[in-house]
Amino acid sequence: MQELIRVSNLNYHYTDAPAVLHNINLLINEGEYIALIGPNGCGKTTLIRHFNALLQPSSGDVSICGLNTRSTKNILEIRRLVGMIFQNPDNQIVGMSVEEDVAFGPGNLGLPAQEMRRRVQAALEMTGLQGLEKRPPHTLSGGQKQLLALAGMLAMEPKMIALDEPTASLDPDGKNKVLSLLKDLNSRGIGIIHVTHNMEEAALADRVLVMEKGEIIADGSAANILSRVEWLKSLGLAPPRITELLWTLQQQGEVLAGNIFTVEAAAKEIGALLKRLRGFEHV
Amino acid sequence: MYDLGQYIPRQSLVHKLDPRVKIIAVIALSIIILQADQLGLLLAGISTLLLGLVVLAQLPPKYVLQALKPALPFFLCLFLVYLLFTPGRTLLLFPLGPLLISYEGLMLGIVQIWKFLLLLVAAALLTMTTTASELTGGLQRLLRPVKIFGISSHDIAMMLGLALRFIPTLQNEMRNVRDAQLARGAKFNPGRPGGKVKALGFLAVPLLLNIIRRSDELVDAMEARGYQPGRRSYLYNPALTRTDYVIITLIIILTMLAVFLPAG
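In the order they appear, the protein sequences are chains U and L. By this note's numbering, the letter at position 250 of the first sequence is numbered 250, and the numbering carries on one by one without gaps. Numbers in this note's numbering are just positions in the second sequence, counted from 1, shifted up by 283.
Looking at chain U on its own, in the form it has when it is part of the complex (with noise of 0.2 Å):
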């Protein structure tokens, strides 16, 4: 695989203000599908504004794809190749009209007029917004508009899209259309970074970076990380409820699998369950 993302020993902090990331190094491949966690405060948003130059290290170097953020000369290929989404949709939104708000980002790379439609009509058909060329932006409903966003960077053929709690301000309609989004484009080679609260949703990712205090803590797989109930709700995270669940069940001595997520995998282990309990009856 492909190297995308090198962080190495970053450090960062506001100006007069102690450190907001310590001594962070880290490596992001292309196409990785990484849910970053973490409490409030902890750095996640921070870290993530590294990854497209919004911020510059204090110390430390960033680079994507080779390219070291701090040159000013990388700056509009490297928010190319690393797309951002923010919390509230309302605000990301550019154009009057959402062919034009898609456009925004490729008019940026000043293309030709023609590439510039291809990719609007490639980035609208992806997010199933096709048809909606002409609508004014404010008139879409909240998860539409996350998906118009999306559409935006889209439109700049990202090789990563970091998203920093994308769904926050979402109903549960939009949420799921926004999450079975980022699966669909994480199977076209799109890498993702999805910054949450829910664990649920760092649960659909392949890997899950966990923060605390300007720090990265913990660095695993889904299933290694999210099973640590314990450790999450120390952290001041909510694991899956689902995942809870089971754990509780095993505390008191069921036995069941530990590393448990979606609620269809805890019904086939409880289904297993109630199997082996009738089975005992029957002897």
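Mixed in with the good hints there might be a few duds.
[What the hints assert, rightly or not] Just some of the chain L residues that point at chain U, by a computed CB distance under 8 Å:
(1) Tyr510
(2) Gly513
(3) Arg514
[Claimed, not checked] Simulated crosslink set (DSBU-like; lysine-lysine; CA at most 30 Å straight-line):
(4) Lys134/U with Lys352/L
(5) Lys481/L with Lys470/L
(6) Lys134/U with Lys481/L
(7) Lys73/U with Lys481/L
(8) Lys134/U with Lys299/L
(9) Lys183/U with Lys134/U
Derived by calculation from the structure, the hints in this document are not laboratory data. A virtual CB, placed ideally from N, CA and C, is assigned to each residue, including glycine.
With the hints as your guide, set chain L onto chain U.
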């Protein structure tokens, strides 16, 4: 209330005209209207022209009239000032003070109001037949020459576009702030003008803070999408047709005639 003068989609000739032509036409018309000194004939001509354009653009007259409504109090004040403070032949004498209604005042008042009405109709015609993005795009291409002063027409168009884009958002926000304050027992008394002004103050501060917070986030989102001031490309780049050039030339000639003939 933002839908006053809002774009009304139709398949008319006026709608299809290049936005640059329409902007030039409105500017030219404004010059002619403001230059016309009590020339009833000229004003009648322009009125007919505008009326014809409203019909050609298939705009419902009701909407055009609605666009004029917010200006009515202003018109009334202006009319009263002209009516009461223009010296001339007395038509009606007030028993109190130096106020009197003169013939000249009455005529001047009518002509001035008429001029303002025409300006408003011309502006409404422009905004009702041109989408906001066509408008900013047209302006961007018209303003290209300001480059020589070191100003980028792309930046001006971007600013204007963002302002227009955020009008509905801010209206929404204003409603929210208002509701939040009503819920906490604020009284917006529309009866007394003093109360209204005070209430506006209570709305303005939280609204302003919200705008600043919003613009912070907007700047981040724009930068994240690679925005840099200056040159950029656009989805639509229509070229001016021969018809457009003919119309622009005609407009310029007519404006010259209207401005210089009466003086000469």
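For each hint, the structure was consulted:
Proximity of tyrosine 510/L to chain U holds as hinted, the smallest CB-CB distance being about 5 Å (cut-off 8 Å). Checking glycine 513/L against chain U: minimum C-beta separation of about 10 Å lies over 8 Å; hint violated. Interface restraint check: arginine 514/L against chain U, minimum CB-CB distance 7 Å, threshold 8 Å, status holds. A threshold of 30 Å between alpha carbons decides the hint, and for lysine 134/U with lysine 352/L the separation of about 29 Å falls inside it, so the pair holds.
Annotation: proposed proximity of lysine 481/L to lysine 470/L holds, straight-line Cα distance about 10 Å (limit 30 Å). In summary, the hint linking lysine 134/U to lysine 481/L is not supported, as the alpha carbons are separated by about 40 Å, beyond the 30 Å threshold. Restraint check: the Cα-Cα separation between lysine 73/U and lysine 481/L comes to about 51 Å, which exceeds 30 Å; the hinted pair is violated. Our distance criterion of 30 Å between C-alpha atoms is met by lysine 134/U and lysine 299/L, whose separation comes to about 16 Å.
Straight-line distance between C-alpha atoms of lysine 183/U and lysine 134/U comes to about 27 Å, which keeps the hinted pair within the 30 Å bound.
Against the hints set out earlier in the document, violations occur for numbers 2, 6, 7.
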